[in-house]
Amino acid sequence: MISFFHQSLNALQLGSIYALIALGYTMVYGVLRLINFAHGDIFMIGSYLALFLAVYFHLPFVAIVPLTFAAIAFLGVSIEKLAYRPLRSAPRVSAVITALSVGIFLETITLAVAGPEPRKFPELAGYHLYKAGAFAASNVQLLIISASLLLMAALEMFVAKTRTGMAMRALSWDKFHAPLLGINIDRIISYTFAIGTGLASVAGIFVGLAYPIIDPYMGIMVGWKAFVSAVIGGIGSIKGAVAGGFLLGIVEIISASILPSSYKDMIVFGLLLLILLIRPSGLFGLPMQKKV
Amino acid sequence: MFKKPLPIILPACGLGICILCDVLNCVDPYIAQIIMYIGINIILTASLNLVNGYMGEFSVGHAAFMAVGAYGASFFSLSVFPQSPVFFPLSLVMGGIFAGAAGLLVAIPAFKARDDYLAIITLALLMIVKSAFDNLPFFGGPQGYYGIHKFTNLSWAFVWTAVTLVALRNIVNSNFGRGIIAVRDDEIAATLVSINTKQVKILAFVISSFFAGIAGGLFAHLIQFINPRTFSLVKSTDILLMLYLGGSGSLFGSILGATIWTILLEALRFLGIWRFVVAPLALIALMIFRPLGIMGGKELGWLRQKEKLS
Amino acid sequence: MIKRALAIILPSTFALLLSSCSKSDAIRIGINAELTGSVPVVGKSCVNAAAMAVDEINAKGGIALADKTKKVELLVEDNEDKAESAAAVAQKFVSRRVVAMIGPNASRNAVPAAVVAESNNLIMISPWSTNPKLTENKKHVFRACFTDDFQGVVVAAFVFKKLGLKKAAVLFDVASEYNKGIAEVFKAEFTRVGGSVVSFESYSTGDKDFTAQLSKIKASGAEVLFLPNYYNEVPLQIQQARQQGFSGPVVGSDSWGSEEILKLGKGVMEGLYFTTHYAPDMATDKAKKFIADYQARFGARPDDVAALTYDAMGMLIESIRKAGSDDPAKVLSKLSTLSEFGGVTGVMKFTLGSGSPSKSAVVIQIKNDAFTYFDSVNPMK
Amino acid sequence: MTNPSSLHLISVSNLSHSFGGLKAVSNFNLTVNKDDIWGIIGPNGAGKTTVFNLLTGVYRPDSGNVIYNGENINGLPSHKIIGKGISRTFQNIRLFRSMSILDNVRCGSYCRLGYPLWSALFRSKTFSRMEGEQTARVKILLDEFGLADRMLETAASLPYGLQRKVELARALASGPGLLLLDEPGAGMNPSELDGLADLILRVKKQYGVAIILIEHRMQLVMRLCGRVKVLNFGETIFEGDPCGLAGNETVVKAYFGDDNGAFVN
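Residue numbers (this note's numbering), protein chains in the order written: chain A, 1 to 292; chain B, 1 to 310; chain C, 1 to 381; chain D, 1 to 265.
Simulated from the structure, these hints should not be mistaken for lab results. C-beta: ideal position from N, C-alpha, C; glycine also.
DSBU-like cross-link-like pairs, simulated, lysine-lysine; straight-line CA separation at most 30 angstroms: (1) D:204 to D:34; (2) A:131 to C:208; (3) B:198 to D:165; (4) A:120 to C:367; (5) D:23 to B:112; (6) A:131 to C:266; (7) C:349 to C:288.
Label pairs and their computed distance ranges (CB to CB): (8) B:290 to A:184: 22 to 32 angstroms; (9) C:289 to B:281: 37 to 47 angstroms; (10) D:92 to A:88: 21 to 31 angstroms; (11) C:281 to A:60: 32 to 42 angstroms; (12) B:281 to C:192: 54 to 64 angstroms.
Computed list of chain B residues with no C-beta within reach of chain D, every gap over 12 angstroms: (13) 21; (14) 23; (15) 147; (16) 270; (17) 278; (18) 291.
Sequences are here, hints too, so could you generate the full structure?
See below:
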């Protein structure tokens, strides 16, 4: 029971990080139908930037989060403007290949500038263990889980209630007719990138807090797993990304704790296959319509 | 049947030169190695082209089929057949068959899922295959599979590249090929003009992975050592980049893409780390100016079957 | 279109040919390093240390050969941490007629490069590849480090005899050859000497959450935890192990041997042990000078790769000097019987027919945020 | 009403299908003979295209039977049904956009090319013979449609009217006995409609196919169809001679609501 409680906390922590990154994948996919393979690397840049701000400018945690969010949002918007916008009318794969290239570029430039050494992420939020009998939870875990849930709820509200959010939904529903309703496509796409990459940078900070060693290639595997989360949830769906992220986190922790851990990857990805075979459009994705 | 002599003479000359080079050992081994890599990359790229280019799917798991082929072929050449170059082609084909069987495993989910969901399925397959080889003590797990003989030479690389290109060309320019392209353009319309889309998908995946397996076998018998990490996502990404650099839906594009990417990375080696800053930037620029890749879906020369307009 | 394609392909082929046939009089040594890919730190340390060794010898005017003194020139190539690239780089060095090749470091790259080196009579010294298979049945391939077999045995003996602990747990990267190899040797040896491995858990490269495995280890009642993993992951693992309530000692292998680990694992590393090649505080004068020079030049303490690369270079230069010639065949005959080479990482000795040096290992304890000498273990034979 | 005589090409009985709770088609009955041209009309959303989708296996009917040439084809996959001789066009043109016109039409006869894979791989004699015969057939077809000189152009580059023709040619390439045309006249002006009607009649005569036609344009329906069926909300509300349409109150109501109005195109 106690062990179950602790494992659940761990799973939730891992899951909320996957979910935060998956949100960026899913939002960008929603409006552009583009799998932004550079997203994992943007997450890595977010982590590095936060480290940089903390170590060289000695900024406090409360200042680092908004600054990183803003800077990475700007980076995301710039990448979209420079690399993806010229390809908007090109076939989808061209943009996907561009995204892969942007990812390699970001990894290597970080490697060249920051050096290959892994860096210790500072304990920005301190570390306390709250105990209640045998149950224990750290402030980092609670912070990550609650802040992620809060951010996701805020995003859901934003998309559901605000004009910009409505425009995003309109755009993801029908990108040909959205402009006819007076929606400025470029602006909405920029907003989407800003929010998506901003959330990834927050995930970058959270990873730094929870697993405080970062390196230029850390975005690859986490990025792919977030992509997997987005797809299990049903890519394009915000609820789906959150559900997929938590599901993946939970499955990873459970399969490693109950089954032989060396088969963990096989089990996790086998389960994925199974889910997609049963629900080919993911948990919350709309079933593919056969329109004749 | 052979109205044009060129398609026969050219490969024959090429093979002749390759055999001569192998026998006389007159090519600088470094250049030879790069040429063999180019051959292997052409096979990988062209075979991925069948699924990603002609059928319009987005498979990211090509390295998995390459892995199955590499391990399969090495197993057969080391443990089943006598260890002689005579049995090398047979080992390669066995590796290809195993890879083709793995391709079947992806084809079945592809009946239902498409696009990004299929991309994830292929990703999952890649992870599972890699994890499986990590956990198979027979193949050395992550320590790798040793002692493979160096059977791959210029001639074999040339022969298999040619075989792959001819086979893919013949399939693409046949009823089956038209079915594959029809699935890409409009899957529902395809079934409604009598195309058996399931059969077409199985065919595309199995043939594509068969040749990826052949490439894997050649690769294993060239570097004589394989371990699961060689066949990671990075490998898949490389193949994808070569494919779309050359232009999907064009076999000549695959030849160009594989050749240019291999040579470019080799020639830029002196840049060190900056190579992987320059190369992706070049690729982004190319995508912006030629979104369809160098060939832009066009076919060239003999690879394009001319229609007889009587 | 054909013309345009040729316009791209021909010049690049030409450039490729050109780049592989420049001429100079210096003794050329090739470095085949993992500068990009998943372990760029390894490549960087390797290149740094090699450059330092070369600059030192060139500052003295070069290597004195029988007829004249020649300077040393370093050719550095990135192998991207890919097997095929490592082999291509080795092949390139063959074409460019280097005297010897240093690297690659990771066994997954070193083994294919060794195959190329052996069949082309190229001398190769891998500083860091610990896989026993690397040098098997090869005349031209050497390494500067000890093998997984040796180290696994050393750790097992240390834990069982010195620490007196009988129940061990192991957490290792199942997708990485070094980690898995050493973990398995440890398990076999620890069981053989009478201990028991109560938990044998694994993860895959790139994972950051090990809590599930560590809570299983905690539940297994293990007294000691063996982590044969890279120093960028070990602090995370120890931190999470402590959070899961594991309080026993943690033991590591030479992959911990970068002082970066002290920075990355501030606060959790105190009192832990690992086996490695040398102890900075008990070092010879040569080692002390190396550490000081390295720190002055690169602003960081050398890690195990740097030290081993420096020794690999040292052994090579020593052999060239002894041979009095930069003819690879003559250098090889000296290298393969090199005895009593006093390097930074200890005294090394090759016996004919084995490319693995016989050298001793030391056990280091982390005390007051520094690596301190604890024990040393002599080679098996 | 006894056993299906050999004259009945297709007989559909009690066909029903619903999407979720929505009854798209209920109790649809139709018997088509070899020489018939049937029209199916009805307001938007009446379930006309759904009928075609049920007949061609895109959807599985909830209940009912489809007997084609004396064989129950209910529940067969689409490509098999097409292979048996039912062929169709689409409301919104669905050509294979990247392919040439020639290849589009060749795809139509996919099921008629029975050579095995190895035959294509090694370019065997069977392959050359079958491909040659097919190409010849397709060229004749294209000649008839006046498309022969443009057959190497890609489908996407053709004007709308010609795309419709290509679709028709593709549907005929499989050698069907029954042709389902889904709004072939959409977007055409009256004189083009005349040309289309001529073409359909010519095709019918030459290839001996029966035709079921979904159409809104009464000009076309009146000229071609011997019998019509009117659907509204999935129910058949009228069946019979097209001349009887204008006088039928239910039909008028379905189109115009309860107030009456003129019902002629």
